[in-house]
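Colleague: The residues making up each chain are set out below.
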Amino acid sequence: MSQLNSQHLRNYPQKPKQVYLYGTCLVDTLFPDTGMDAIEFLEHQGIEVIFPQGQTCCGQPAYNSGYQDEAKAVALQQIKQFPLDIPIVVISGSCGGMMRHHYLELLGDEPEIKSFCDRIFEFTEFLVHSLHIKLEDKGSPERVALHTSCAARREMGVHITGNQLLDQLDNVEVIKHDYESECCGFGGTFAVKHADISAAMVGDKTKNLLNADVVRYVSADHGCMMNINGSLEYQKQSLRGEHIASYLLSRTKEQGGSKC
Amino acid sequence: MLNIHEQESKYAESARKFRKNVDRDLANQELRSNFRGAMDYLMDKRKTAFPEQDELETLRRQAQLIKQRCLLKLPHLLEELEQNLTKNGIHVHWAETPAQANEMIAQLIASKKGKTVVKGKSMVSEETALNDYLEQRDIECLESDMGEFIVQLAKEHPSHIIMPAIHQNKKQVADLFSGNINDFEHTTDVDALIQQGRKTLREKFCNADVGISGVNFAVAETGTLCLVENEGNGRMCTTVPDLHIAITGIEKVVEHMADIPPLLSLLTRSATGQIISTYFNMISSPRKKGEKDGPEEVHLVLLDNGRSQAFADDELRQTLQCIRCGTCMNHCPVYTRIGGHAYGTVYPGPIGKIVSPHMLGLEATSNLPTASSLCGACGEVCPVKIPIPKLLLRLRKESVKPESQQPVIMKGQGSGRTTLEASIWKAWSLVHKVPALYRLSMFMVTRFRFLIPNKLGGWTSVRTAPKPAARTLHERLRERK
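So the sequences go chain by chain: B and A.
Quick note, the first sequence lines up with residues 1 to 260 if you use our numbering.
Quick note, the second sequence lines up with residues 1001 to 1481 if you use our numbering.
Nothing false has been slipped in among the hints.
Chain B is nowhere near these chain A residues, computed Cβ spacing over 12 Å in every case:
1. A1012
2. A1038
3. E1135
4. K1411
Residues from chain A that face chain B, not an exhaustive set, calculated with beta carbons under 7 Å:
5. P1333
6. V1334
7. L1374
8. C1375
9. G1376
10. K1397
11. V1400
12. S1429
13. P1435
14. G1458
15. V1462
16. T1472
17. L1473
18. H1474
19. L1477
In silico SDA-like links for lysine to any residue, alpha-carbon gap of 25 Å or less:
20. B:K193 with A:R1024
21. A:K1017 with A:K1411
22. A:K1426 with B:D69
23. B:K193 with A:S1415
FYI, nobody ran anything at the bench for these hints, they're computed from the structure.
Glycine included, C-beta positions come from ideal geometry on N, C-alpha and C.
Using the sequences and the hints given, assemble the complete structure.
Modeller: This is the structure:
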């Protein structure tokens, strides 16, 4: 389906000593374990991770709802929190797409803005293209599916890097589920404003994931997972999604090691 | 009889019922399976028709540039088109509204004392609700495209711009034909069904007074009207009756004949996966002396219907690049689930969401720009690279723009703004632009998480409610140091 296009092609920095982590508001309040796992994983790679306490939200909810002035005020505030010229690793393709592409639309392409946008890297693309990571799988054999978020796929082109990382795990068999590239129906305020259409979409997505007969699915976006996992839990299904940062950490850590 | 204003508000009324329509059509399992099956088929056909990703990208870029160039010169090209068509003996008429277009067409038909019309597929004539208008004047207007014929028999509207009857399966069509076609031999074989439908249509072609068609491309430099079709009905409509009336939107003009090959190639491959359509008609004059067939008179009605509003804005102008292939619908997860009728507009799906607000105003269509997860599938496949998700965002912005903000560039601008929603986003912005306030709020959310209700509107009708963590990531990292 989706291929890389010029929007996705970019220069990647060689493995830096330091990076910023952009945690995203969803991870902050609902899934902080994912943030901790991502930091631990990066630190294992010998990278110092800086988490600016002033970060809040990328502004996407207001931006996507048409409230651009409100989004702008929040976006400008984020830029101020990341002054050092080091990569900003974002653990969400969707927030990454917002900050890498839509900030230019929202805020203009002045040098300060542009330099911020150019430093935005989604977690999996950073591992593959900057760290050239080689993963050693220490987990037991299992079948997993990958859900690539639409923003990750179409704005960041990182569905490819997600697959590349999972392919490095020797004991993991990646199963392609039906309609893999189709949206799960989240879409932020869409899921609230048009709950019934969104419900039909997530109903189909969970059906296809369940049909894939996997022990879990992995994704790089907590927005989609909040939607899909919420639907699976409602259906009393045991299948759940796990963020790729947590999954990679648990697969590559010595077994029995404690989680942070 | 409907008056002019009632005519214009027909689609506005049905677009306002979007949510009701969605409820109705989501609950219809047969309809949903018809759409899912058909869209899967069409997506697969398109994929096969574009085996080379690089070639596709080059072609899309080329087509985008062609359409953008033609739109930049639109007023000039329309004048040139009129001059060259007139030189060729084709009469040109300008209509600002659907009502004006209908009136012109009715007058042309009356001038020939026409009583029967055969029509080739034309979505612009759906914009004007031409069939209803003519029927009220006792003029029989028969749809000759098989899909349109089915829709007309069923007293429905097209649910897809390329495949008007895609919402019906073969069994439903067979049932429809048995009630409406004389001597119908019951069958659910698709080819046999179509043959029986065609037989009925052929008799009508021979006797019709007037033929009406759409136009896919109008070439300014040569004064040529191009019509893409598969069934030969377009050629019949434009050659058999003595009077041919073509109707199209002003954005269909292209500058050169040489602009057509890339656009045509993308159109047929994106729409149905065909390398080329079965027929490609180029109409450049009425019947000339000594010619054996062709109409005695050819007229072109050029309709605005809100297009100049889109044209006036640099960004929204991209809406007019559309070549009406329908592939955005085929790839849209929302369209696939709710089908084409739920939109209540002539043009459904992603393109309908960005074009209808210009035709009907943002007030009547306020649900359309928001009914998208912004997944981007439409923009990814659009053959002329219309940034549909970006335009949806723009329309959302125009819909909630404060009244005080000038200039007004769209009908219905600001009509979607509610005090409640606006104050929620103001508060949201305040919390998220002051880090200390954000941290305090999130602290409160986590400490009082037991207060978060288990029922959160539509979200929890199919999902469990999200649960805040005990401590935020911010907090855990502060403590870590």
